[in-house]
Amino acid sequence: MSGYRLRKGKEILFILAISILTFVGILPLFHIIVTVFMNGLPVILERGFTFLTGTLGEGGIGPAIAGTFILIFLSSLIGLPVALLVGIYAYEYPDSKIGRATKTLLQIMLEFPTILVGVFAMSVIAIPMGTYSAFAGAFALAIILMPYVAVYTQEAMRQIPFTYREASFGLGLSRMKVIFKILVPLAKRGILTGVLIGMAKVAGETAPLLFTAGGLYQSYPTSITQPVGAVPLLIYTLVQSPSKADHAMAWGASLVLLLIFLLIFIPVRLSLREVKL
Amino acid sequence: MRTGKERLILVMLASAIISTTLLLTGCTNDNKIITIRTTGATFPQYQIQKWIDVYQKNHPNVKIEYEGGGSGHGQEAFLQGLTHIGRTDPPVKEDTWNKFLNTGDQPLQFPEIVGAVVVAYNLPGINELKLSREVLVDIFIGDIEYWDDQAIKQLNPDADLPHEKIKVIHRSDSSGTTAIFTTYLSLISEKWANEVGAGKTVDWPVDKMGRGLAGKGNPGVVAILKQTEGSICYTELSFAIEENLPVASIENKNGKFVKPTTETIQAAVSQVSSFIPDPTEGYREDIKQLLDAEGDNTYPIVAFTHLLVWQNKNGKHYSSEEAKAIKDFLTWVLTEGQKEENLAPGYVALPQEVAQIGLNAVNMIQE
Amino acid sequence: MTSIKTSLHFFFSRCNLRKSTGKVDLFKVVTVPAVIFVFLLFAWMLGIYFYNALPAFIREGLSIYFENVWQAAEEASNEYYGLASAIWGTVYTSLIAIIIALPISIAYSIFVVDYVPKRVKNILIIVSDMMAGLPTIIYGIWGAFVLVPFLQKYIMMPLYKHLSFIPIFSSPPITGYSYFSAGVLLGIMVTPFASAIIREAYQMIPFTYREAISSIGSTRYEATKVLLGYIKPAIFSGLILAFGRAVGETVAVSLVIGNTFNLSIGLFSPGYTISSLIANQFGNAFIYEHMLPVLYAGGLALFIIGLIVNVSGLYLLKRWEEIVRI
Chain A
0 MSGYRLRKGK EILFILAISI LTFVGILPLF HIIVTVFMNG LPVILERGFT
50 FLTGTLGEGG IGPAIAGTFI LIFLSSLIGL PVALLVGIYA YEYPDSKIGR
100 ATKTLLQIML EFPTILVGVF AMSVIAIPMG TYSAFAGAFA LAIILMPYVA
150 VYTQEAMRQI PFTYREASFG LGLSRMKVIF KILVPLAKRG ILTGVLIGMA
200 KVAGETAPLL FTAGGLYQSY PTSITQPVGA VPLLIYTLVQ SPSKADHAMA
250 WGASLVLLLI FLLIFIPVRL SLREVKL
Chain B
0 MRTGKERLIL VMLASAIIST TLLLTGCTND NKIITIRTTG ATFPQYQIQK
50 WIDVYQKNHP NVKIEYEGGG SGHGQEAFLQ GLTHIGRTDP PVKEDTWNKF
100 LNTGDQPLQF PEIVGAVVVA YNLPGINELK LSREVLVDIF IGDIEYWDDQ
150 AIKQLNPDAD LPHEKIKVIH RSDSSGTTAI FTTYLSLISE KWANEVGAGK
200 TVDWPVDKMG RGLAGKGNPG VVAILKQTEG SICYTELSFA IEENLPVASI
250 ENKNGKFVKP TTETIQAAVS QVSSFIPDPT EGYREDIKQL LDAEGDNTYP
300 IVAFTHLLVW QNKNGKHYSS EEAKAIKDFL TWVLTEGQKE ENLAPGYVAL
350 PQEVAQIGLN AVNMIQE
Chain C
0 MTSIKTSLHF FFSRCNLRKS TGKVDLFKVV TVPAVIFVFL LFAWMLGIYF
50 YNALPAFIRE GLSIYFENVW QAAEEASNEY YGLASAIWGT VYTSLIAIII
100 ALPISIAYSI FVVDYVPKRV KNILIIVSDM MAGLPTIIYG IWGAFVLVPF
150 LQKYIMMPLY KHLSFIPIFS SPPITGYSYF SAGVLLGIMV TPFASAIIRE
200 AYQMIPFTYR EAISSIGSTR YEATKVLLGY IKPAIFSGLI LAFGRAVGET
250 VAVSLVIGNT FNLSIGLFSP GYTISSLIAN QFGNAFIYEH MLPVLYAGGL
300 ALFIIGLIVN VSGLYLLKRW EEIVRI
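Protein chains in written order, with numbering that gives the first Met the number 0: chain A, 0 to 276; chain B, 0 to 366; chain C, 0 to 325.
Be aware that one or more of the hints could be misleading.
[Claimed, not checked] Some chain B residues judged to face chain A by a derived CB distance under 7 Å, without partners named:
| hint | residue |
| --- | --- |
| 1 | I32 |
| 2 | T34 |
| 3 | P59 |
| 4 | K62 |
| 5 | E64 |
| 6 | L81 |
| 7 | P161 |
| 8 | K164 |
| 9 | P218 |
| 10 | G219 |
| 11 | V221 |
| 12 | E242 |
To be clear, the hints were calculated from the coordinates, so they are not data collected in a lab. Ideal Cβ positions, reconstructed from N, Cα and C, are used throughout, including at glycine.
Excised from the complex, chain A in its bound form (with noise of 0.2 Å):
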């Protein structure tokens, strides 16, 4: 019986062979996480607080941090409402070519190179501007948030059981109030879920930004129409550099931003059923 021999031999091979490659493939993430907490976590505890909220002068990264979530929130406020519609109308019109079309745009948009939407986001806001801003910085990130926001939320909305759409409809309601009122809300922990993971996302993107933000570490800012910092543009810069300074301060910005990403996602992951992109 060789021949069954042989073909357990080869079963246990394949065994070992994929746990060792599905090993290497997840082990980057815990290398990663692990080195920028060795890396990081010296640098920050012995600067303290001031690490956090002191300027780049004083030795910190608060208004780079201050930033970044300007700009999560001004660019959530310019591309939500854009994203939950265009959701909303792929779910109800699926088969529609403008459907179809629609998806198939979303799915483009979610891998388009983010560079490209930073210079077009330059050429088309900062340059007319004048001057590097928030708000051009927001806009970049707000049509990369979009489609993450538009696709999780046309998935939720298919979750929801068909008899609840009949239900409403069967009771004389429009379309708008069918959806509006009775679906979304059902639907409301998957869009959130969405609306998390587009803000996860954005907060760490650093390709956007290169030329419409601008860069503002020495003050905290106080106006979108002004250049303004963020904790992924700031690593850049710093690591770029080739003083260990600035090296560790970049470790140091990089645990910031990891924790801002951890805090973020592991609870919305947690809380969500595998969702199809």
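Given chain A, put chains B and C in place with the hints provided.
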């Protein structure tokens, strides 16, 4: 049916929004902070940063944002109005100057400090390296491939040069430091002038040979140098000092091998009666004027680096407070800033008459 | 003017803003403008790239895509640019990325669907999603300070020392910044995207197939081989989408690729990609008369590569899904 997790998420969101709003409102109380932005050349980086540090300490409601990007980016940001004070090593070209004029405002250009371009290298154990004019050009043009080439050995008989290929590090961005260095090389070598030429960006022959590396800004170049054994680069003196890099002794016009020091740089400045044009005609300045100066103890690759500001006709580019702050800062830079205690290592103060030209320009800014 | 009117009329009649009762459907009135806005925005983006790249095409023609030169002269007439190096770098590094992504994403999908209990499965899926969403700058800083030195010391140097007669190993790994490093980093970054699609597809295979195969006495290994063959189009589609993602990555790549105008097949030489070229050069393009349109042309190329790749990937996936659902 709010679950615990949902509540948590909403609380986080709310707190983020509230804290952001508080930050925004909290910072517009009492003294209004004026932010000035300066963008461009990384050649004067350490000096500008030192000036910013000192000035900000004495003027708490003025904040100065430093942005790098290279001379090219400095000129561009200045043109686009994306920055208040542009920094450029080489004087602006006439074409670009006309672009500035087309905005309707008057650009003003003047030098703020003197620096030197040095040749730094990474050869463990070798602290002295003499490079003659020919060898310097040949290394950077790619004709000399190995460190232990006869030509280099002849100049440095005591050095234990390795049999390794020379990796040449240059700039990837549009750089004034590159402009100064390549102008110098074009000056001393016809071969270089014909095959490569001078400019803020050039096509480096070593790239095609696979021995070229590019870094962004002087910091980027130095970062690569530190990690690459057997490499050579050109950068501003202050970077070599800050990062403890060995620099080569370059052969000057009189045939002497000089290291870049405050004395050898000052020798160059004093040899030349510098011609600095009127700030409204900045493009007339000749980048070559401090290069390859005469004198036994003169360092050959010395240059002014410049600032660009607008005259602000009819308040076109600066608000009244910004203009005031800019004038005050620049006046300080050209007077107090030139004093010994405010100079960063690797830079030399402007001669009095040159600083005066800058002050004339600053006085022209309309508030 | 009339043509605009007729096309608008055509569009709105297609849209049919009215319900069968003839009353205006408020829902459509509210949502359709949003949809139109998004389409217009996308078209606007494409238009801006075309419009701004046009001068480059007029001046240098399509050869701009095929030449490797970057002469940024101060004299406008001496400027000459070619994007070949950047285009090559983009394609090469993304290829390396999906070569790495292929075995790992397949292995991961099989492992997660077939071999682990539900608890572990959920954790592994969350891990994969985290990797997909992790800020790319963190990949970048880890890549530049950790991955590159590691790769240079333990993989590139040995390979170069012993196997440099093979062309792809023949360039010296000077600093570690290279196509290889960029490719590996990209591979790590895009694997989760491919995994998501392949895992979905693998999970979706009708149970009857699995039953059938094991009922004839196959080992797990043999069964998996057959099932994988079944979802081949999905695997292909997953890789294409991963390729599209790799092509567009900017920040992480620009920190590990070396940013040199090279056109080499040597894995360990530094190079450029279109996105890192744009990131690096945009800051000073405005003062050169002719550089800006060239960068836009590069962006346009990226736009089109991304578009083709994504659309074909999606199309394949959709076609396959339709077949499977029958």
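So, E64 (chain B) near chain A? Judge it on the closest CB pair being under 7 Å. OK, holds: E64 (chain B) within 7 Å of chain A, min 5 Å.
Quick one, is the K62 (chain B) hint okay against chain A at 7 Å, beta carbons? holds (4 Å)
Interface restraint verdict for P218 (chain B) against chain A (beta-carbon cut-off 7 Å): holds (4 Å)
Would you settle whether the hint for K164 (chain B) is holds or violated, based on the nearest Cβ-Cβ distance to chain A being less than 7 Å? Interface hint status for K164 (chain B): violated (23 Å vs cutoff 7 Å).
Going by Cβ atoms only, is G219 (chain B) closer than 7 Å to chain A? holds (5 Å)
Is the hint on T34 (chain B) kept, meaning its closest Cβ partner in chain A is under 7 Å away? holds (6 Å)
Given E242 (chain B) as an interface hint, is the shortest Cβ-Cβ distance to chain A below 7 Å? At 6 Å from the nearest chain A Cβ, E242 (chain B) passes the 7 Å test, so the hint holds.
Against chain A, run the beta carbon of V221 (chain B) and see if the smallest gap drops under 7 Å. With a closest approach of 4 Å, the V221 (chain B) hint holds.
Let me know if the C-beta of I32 (chain B) comes in closer than 7 Å to any C-beta of chain A, holds or violated. holds (5 Å)
The hint names P59 (chain B) as touching chain A; please verify it with the least Cβ-Cβ distance against 7 Å. violated (11 Å)
Holds or violated: P161 (chain B) as interface residue toward chain A, Cβ cutoff 7 Å? violated (23 Å)
Restraint satisfaction for L81 (chain B) [CB to CB of chain A, less than 7 Å]: With a minimum Cβ separation of about 6 Å from chain A (threshold 7 Å), the hint on L81 (chain B) holds.
The structure shown violates the earlier hints numbered 3, 7 and 8.
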